[in-house]
Amino acid sequence: MAFCTKCGKQVADGTAFCPSCGQSMAAPAAPAASTVPAAAPAGGIVNTSAPTEGLSENVAGLLCYLGVWLTGLIFLLIDKRPFVKYHAAQSIVVFGGLTVVYFVLGQFFVTTWFMGGWGLVNLLFMAVRLIWLILWILLMVTAYQGQRFRVPIAADFADKLAGK
Numbered sequence: 001m002a003f004c005t006k007c008g009k010q011v012a013d014g015t016a017f018c019p020s021c022g023q024s025m026a027a028p029a030a031p032a033a034s035t036v037p038a039a040a041p042a043g044g045i046v047n048t049s050a051p052t053e054g055l056s057e058n059v060a061g062l063l064c065y066l067g068v069w070l071t072g073l074i075f076l077l078i079d080k081r082p083f084v085k086y087h088a089a090q091s092i093v094v095f096g097g098l099t100v101v102y103f104v105l106g107q108f109f110v111t112t113w114f115m116g117g118w119g120l121v122n123l124l125f126m127a128v129r130l131i132w133l134i135l136w137i138l139l140m141v142t143a144y145q146g147q148r149f150r151v152p153i154a155a156d157f158a159d160k161l162a163g164k
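Just so you know, we're using this note's numbering here: the sequence shown kicks off at 1 and counts up by one.
Just so you know, not all the hints are guaranteed correct.
Unchecked claim - Subject to a maximum C-alpha distance of 20 Å in a straight line, what follows is the list of computed SDA-like cross-link-like pairs (lysine to any residue):
| # | residue 1 | residue 2 |
| --- | --- | --- |
| 1 | 80 | 104 |
| 2 | 9 | 26 |
| 3 | 80 | 97 |
| 4 | 80 | 55 |
| 5 | 80 | 69 |
| 6 | 160 | 145 |
| 7 | 80 | 23 |
| 8 | 80 | 107 |
Unchecked claim - Derived Cβ-Cβ restraints for the label pairs, each shown as a range:
| # | residue 1 | residue 2 | range |
| --- | --- | --- | --- |
| 9 | 127 | 82 | 43 to 51 Å |
| 10 | 149 | 100 | 43 to 51 Å |
| 11 | 141 | 119 | 31 to 39 Å |
| 12 | 70 | 5 | 27 to 35 Å |
| 13 | 24 | 129 | 23 to 31 Å |
| 14 | 57 | 106 | 51 to 59 Å |
| 15 | 131 | 159 | 38 to 46 Å |
Calculated directly from the structure, the hints in this document are not laboratory data.
All of these numbers come straight from a predicted model, not from anything done at the bench.
All C-beta atoms, glycine included, are put in the ideal place defined by N, C-alpha and C.
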C-alpha cells in the first residue's frame, strides 16, 4: 500500500489519483543528473562580473536616486559604468547636502520653537521638502530617459566624486 504525498491517506497500489484529495499518484520525476554545484576555481571566485551587469544603464541611474544618497553610495561603490557613477555621485551630493540642510534647520526649528518664532523656520522646512521632492522625481525621470541632468552646484562636485 502507498500513501498520498499531499494528504497522507493510504492509497491502493496502482491507483492514479488519491480518492481523498485528487493528488496525482504518479512517481515523482527523477532529479536532474547532477544537482551538486561545480567546484569553485582555485582562487575561490566564481563570478567576476559586476553585480549590476544585468541592469541597463538607465535603470541603474534611476535606482541611484530611488533611495536618495544611500542607493547612490551603493551604486558608486559597485558599478563602474560612467553614466551610473555620475548619477550615483550626484545622488550623494544632492541628497546628502539636502539631508545636512534639513538637520541644521531642525536644530534651528527646535531652538526657535521654544522662543515662539518658528514661522520662518517652518516655511524653510517646507521649502526644503518641496525642493527634495521635485529634485527626486526630476532626477529619477531624467536618468531613466538616459540624460545627464546637471543640478547647478552639485554637478561639479558629482563629477569630482565620480572620478572625472
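Status of the hints after comparison with the structure:
Straight-line distance between C-alpha atoms of residue 80 and residue 104 comes to about 33 Å, which puts the hinted pair past the 20 Å bound. With a C-alpha separation of about 15 Å, the suggested pairing of residue 9 with residue 26 holds against the 20 Å cut-off. Simply put, residue 80 and residue 97 have alpha-carbon atoms about 24 Å apart, too far for the 20 Å limit, and the pair is violated. The suggested pairing of residue 80 with residue 55 holds, with an alpha-carbon distance near 12 Å, which does not exceed 20 Å.
A distance of roughly 17 Å separates the Cα atoms of residue 80 and residue 69; the hinted pair therefore holds under the 20 Å criterion. Pair hint residue 160 plus residue 145 does not hold up; C-alpha atoms about 23 Å apart against a cutoff of 20 Å. With a CA separation close to 51 Å, the supplied pair residue 80 and residue 23 exceeds the 20 Å bound. Straight-line distance between C-alpha atoms of residue 80 and residue 107 comes to about 38 Å, which puts the hinted pair past the 20 Å bound.
Residue 127 and residue 82 have their C-beta atoms about 33 Å apart, which leaves the hinted 43 to 51 Å range violated. At roughly 22 Å, the beta-carbon separation of residue 149 and residue 100 lies outside the given 43 to 51 Å, and the hint is violated. Taking the beta carbon of each, residue 141 and residue 119 are about 34 Å apart, inside 31 to 39 Å as hinted. For residue 70 paired with residue 5, a C-beta distance near 46 Å fails the hint of 27 to 35 Å.
Checked against the hint of 23 to 31 Å, the pair residue 24 and residue 129 fails, with Cβ atoms roughly 58 Å apart. At roughly 36 Å, the beta carbons of residue 57 and residue 106 sit outside the given window of 51 to 59 Å. The beta-carbon spacing between residue 131 and residue 159, approximately 21 Å, falls outside the hinted interval of 38 to 46 Å.
Of the hints listed earlier, those the structure fails to meet are numbers 1, 3, 6, 7, 8, 9, 10, 12, 13, 14, 15, in rising order.
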